[in-house]
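**Q** For reference, the chains in residue letters:
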Amino acid sequence: MSSSLFQERRVYSKRLVWALLLAGLILLADWRFTQLSYARQAVSATLAPVRWVASVPGSVSDWASRSMVSRSALIEENAQLRAQLFVLERRSQQMISLEIENRRLRQLLNATEVLDDRFISAELIGVDPDPFTHHVILNRGTRDNVYVGQPVIDAHGLIGQVIEVDPFTSRVLLIGDANHAVPVQVNRNGVRTTVSGTGDLSELSLMFVPETADIEEGDLLVTSGLGGRFPMGYPVAEVTRVERQPGAQFSEVRARPLAELDRTRHVLLVDTQNNDRGRRGDTQGE
Amino acid sequence: MEIPKANNLWVPYATLIFAFLLGTFVLPGWMVYVAPEWVLLVLIYWVLAIPYRFGIFSALFIGLVVDVHRGLPLGLNGLAFAVVAFSALALHQRIRIYPPVQQAGMVLLLVGIYLLLKQTLRSMMGIGVGPGVLYLAPALSSALLWPVIYLTLRSLRIRYRVR
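Protein sequences appear in the order of chains A and B.
Counting with this note's numbering, you get residues 1 to 286 for the letters of the first sequence.
Counting with this note's numbering, you get residues 1 to 163 for the letters of the second sequence.
Extracted from the complex, chain A is given alone in its bound form:
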């Protein structure tokens, strides 16, 4: 085959047109329809080893720092944990009786029963390197009954929700991402609002708060359960700044997320789908 430079270039142009058409179609199909999600899951599952290898250095340094702690530091930590446990146990002593009392009162009020949520523990195995989005990768996937839309929490509050799963891993969108919003209510008085991310993991903003709304600095915001995605009552953020501008339609309210979005390594996936009582026996949680 002997071809001149110009012929070669014509071939390239033709190929480019086809490639662009194909890419455009795929882009449109993935954006608007869901048929491609299986192909995506399959490719993602084959990429799992790459993710595991990439998480090795972190695990090794974790292991090293864990196995090289001095005895005195361990003893100190142990004492601290004991003290903490003591406090928590004291708080939970009356929990059982309060729970039953609460259930009885709700029955008297004919209110629907609040169900216990089940949890799956998960570990963070990767952080997306994209500086303009906030995604993390967890080591649980469809194999562990993780589903898209599942809420994720840590010991202090809400972290985010699952946006993509493959058999072995799942991708979580953090509440600090500029594309994320959570329906919440003020714990003190039940004022409902929505908290959205700002792109900065240490600051959230409250959307469309009327000038007259009763929100103060230091208020605790908990999930309201509206929208049906997040279960009710998980702490999300604490209000840090309220700015009311006379004449403006909405006041500007900022909040600090309670969960350690940029530090946490161990998280819990809340199972809200499989917790109705009839099906309670079939699904296993950890």
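I should point out that these hints are in silico values taken from the structure, not numbers from a laboratory.
Just to be clear, a hint being listed does not mean it is correct.
What the hints assert, rightly or not - A short, non-exhaustive set of chain B residues, derived as facing chain A with CB atoms under 7 Å: (1) T24; (2) M31; (3) V32; (4) L60; (5) H69; (6) P73; (7) G75; (8) A82; (9) L89.
Said to hold, decoys possible - Here chain B is said to cover these stretches of chain A; the calculated rule only asks that three of the stretch's residues, wherever they fall, bring their Cβ under 8 Å from a Cβ of chain B: (10) 7-17; (11) 43-55; (12) 163-175; (13) 180-192.
Said to hold, decoys possible - To list a few chain B residues with every Cβ distance to chain A over 10 Å, as calculated: (14) A6; (15) A14; (16) V26; (17) A49; (18) V101; (19) Q102; (20) M106; (21) L156.
Note that beta-carbon positions come from the ideal geometry of N, C-alpha and C, so glycine has one too.
Got chain A; can you put chain B on it based on the hints?
**A** Below, chain B alone, put in the same frame as chain A:
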């Protein structure tokens, strides 16, 4: 031009996988903004070196894999990679004879094209957009790294007679 018999094609694939791994690590602090586009750089090298093996469609495919890996809409990187591969192909005979430093200038342009396209698509689809032209920063770091990548990959290609 006669297309030579395939030889040791695992080398390009291995380097691409290695680039994938490098791209997975999150750099500390402000360095996340200048993280080089490892996969794209390695891809550009192989397109320039063996254009009869790595072309527009291989770039499209690799881009799709990157999309899955990064959790982006499928085809976003695919499309941008294909355009970069086309530009690299169209210029490969010229770029090949440049010294590495001058090549770095071309790489700056190629990666810049990629970043512009990616950013345009991202903002069209409403995916996290950063402030100002900060998204172009990886083009600089990629160009600075190019001579190192070029010399490394070239020595690999020569040693294993990749064709």
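**Q** Hint by hint, say whether it matches the structure.
**A** Outcome of the hint check:
1. T24: holds, 4 Å
2. M31: Violated, about 9 Å.
3. V32: Status holds, d = 4 Å.
4. L60: Hint holds; L60 (chain B) Cβ to chain A Cβ min 5 Å, cut 7 Å.
5. H69: holds, 5 Å
6. P73: Given a least distance of 5 Å, the restraint on P73 (chain B) holds.
7. G75: Status holds, d = 3 Å.
8. A82: holds, 4 Å
9. L89: Where the cut-off is 7 Å and the nearest Cβ of chain A is about 5 Å from L89 (chain B), the hint holds.
10. 7-17: Since 5 is at least three, the answer is holds.
11. 43-55: holds (count 7)
12. 163-175: holds (count 3)
13. 180-192: Coverage by chain B is violated here, the residue count being 0 at a Cβ distance below 8 Å.
14. A6: Given that every Cβ of chain A is farther than 10 Å from that of A6 (chain B), nearest at about 16 Å, it holds.
15. A14: With a cut-off of 10 Å, A14 (chain B) remains clear of chain A, as the shortest Cβ separation is near 13 Å.
16. V26: violated, 5 Å
17. A49: Consistent with the label, A49 (chain B) stays out of reach of chain A, its closest Cβ about 16 Å off (over 10 Å).
18. V101: holds, 25 Å
19. Q102: About 20 Å separates Q102 (chain B) from the closest Cβ of chain A, which puts it past 10 Å; holds.
20. M106: holds, 17 Å
21. L156: Label holds. Min Cβ-Cβ 20 Å, cutoff 10 Å.
The structure is inconsistent with the numbered hints 2, 13 and 16, although it conforms to all the rest.
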